[in-house]
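Working from the sequences, and respecting the hints, build out all of it.
So for the sequence shown, numbering that gives the first Met the number 0 puts the first residue at 0; every next one is plus one.
Since the hints were derived computationally from the structure, they do not count as laboratory data.
Below 27 Å or equal to it, Euclidean Cα-Cα: the simulated BS3-like pairs (lysine-lysine) are:
{"#": "1", "residue 1": "K244", "residue 2": "K304"}
{"#": "2", "residue 1": "K178", "residue 2": "K58"}
{"#": "3", "residue 1": "K105", "residue 2": "K58"}
{"#": "4", "residue 1": "K301", "residue 2": "K244"}
{"#": "5", "residue 1": "K302", "residue 2": "K244"}
Okay, the calculated beta carbon distance ranges per label pair:
{"#": "6", "residue 1": "E179", "residue 2": "A203", "range": "29 to 37 Å"}
{"#": "7", "residue 1": "I103", "residue 2": "Y124", "range": "23 to 31 Å"}
{"#": "8", "residue 1": "A245", "residue 2": "L154", "range": "37 to 45 Å"}
{"#": "9", "residue 1": "Y153", "residue 2": "K58", "range": "44 to 52 Å"}
{"#": "10", "residue 1": "I211", "residue 2": "M232", "range": "17 to 25 Å"}
{"#": "11", "residue 1": "R241", "residue 2": "F172", "range": "19 to 27 Å"}
{"#": "12", "residue 1": "A245", "residue 2": "F214", "range": "32 to 40 Å"}
Every residue gets a Cβ at the ideal spot worked out from N, C-alpha and C, and that includes glycine.
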Amino acid sequence: MSMALFKKKETLVQNITYMAMMAAINVVFVLLTTFVPVLMFLIIFVLPLTSTIVTLYCKKRYFAIYALATVGLCMLVTFWNISDTLFYVIPSIVSGFLFGIMIIYKIHSLWIIFSTALVQLIFSYLMIPVAEWITEVNIINVFASAFGVSNFVYLDYLVPSFIFFLSLTQSAFSYIVIKEELPKFNYTVVDHRFYLWSSYVGLAASALIIIIFAFIYCPIAFLFMMALIYFSMYILIDTIVRGNKASWIALPIVGFVSILIFASLYSLIKAPANYLLLSIFFISISLVGFCQDLTNYVQEKKKNKQVQNSNITQLNNE
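Encoded structure:
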């Protein structure tokens, strides 16, 4: 994308023109997917990104105009099938706006991607009954037919996880595309390693929710297993990149042991809850990262204390 695209808009004319261009892009993609359904995955990635760009480079007080214009135009050009607008466009506009706001307020990328994906999931689910009420078409059934899983016995358990996975992919794609351009316009990407510790909090919370809802409402447990996988992958990549020999050796060992535990317990738990045992693998590899970070933290504190004591001793001698 050119520099002209990533340029702060100041005047009313600049803002309106820019938002009109972004709205037109959204409309074109929605219209294309109406005639070529296989292009559906394009709007999944494009819509949140355009809304994020508008949030960052236009004045926030004009965003409502952009949102209403986009939704209105999309409904107008696809009046015979407005379910796409309800299910894709509205959630994407909301999540894209939140994405931009969180960048402005310097929220860490770990939580930007996760939070916007969660918001997109919530709004997508809110739009499902609305779309069905207006169009008498259940978007979940459309998805199931497209992937050939209409008769899958555990479909209801996987739908929230699938939508959340798409939302995570959207958010990650938007972040990757726009990340390199942000510093040019005084937006900094917050990526301090301190926030790795917050990933352990997210991991622990997800694991707790999985345990609770495995016995109450399994679809929620599967949804948070996706969240657990998200946080554990963040930890795993950091452990591999910044790790030491001990952690590199430990990772395959604990991975193999967790697979053995999964295999031994799988037949003892009733389906589909037994698939939640996959969480053991992701928790175990995250524990390696936690042990590594805890060890590094203790060593650093000890080193700092030694330096401090040495400075005090030197001052006393003087």
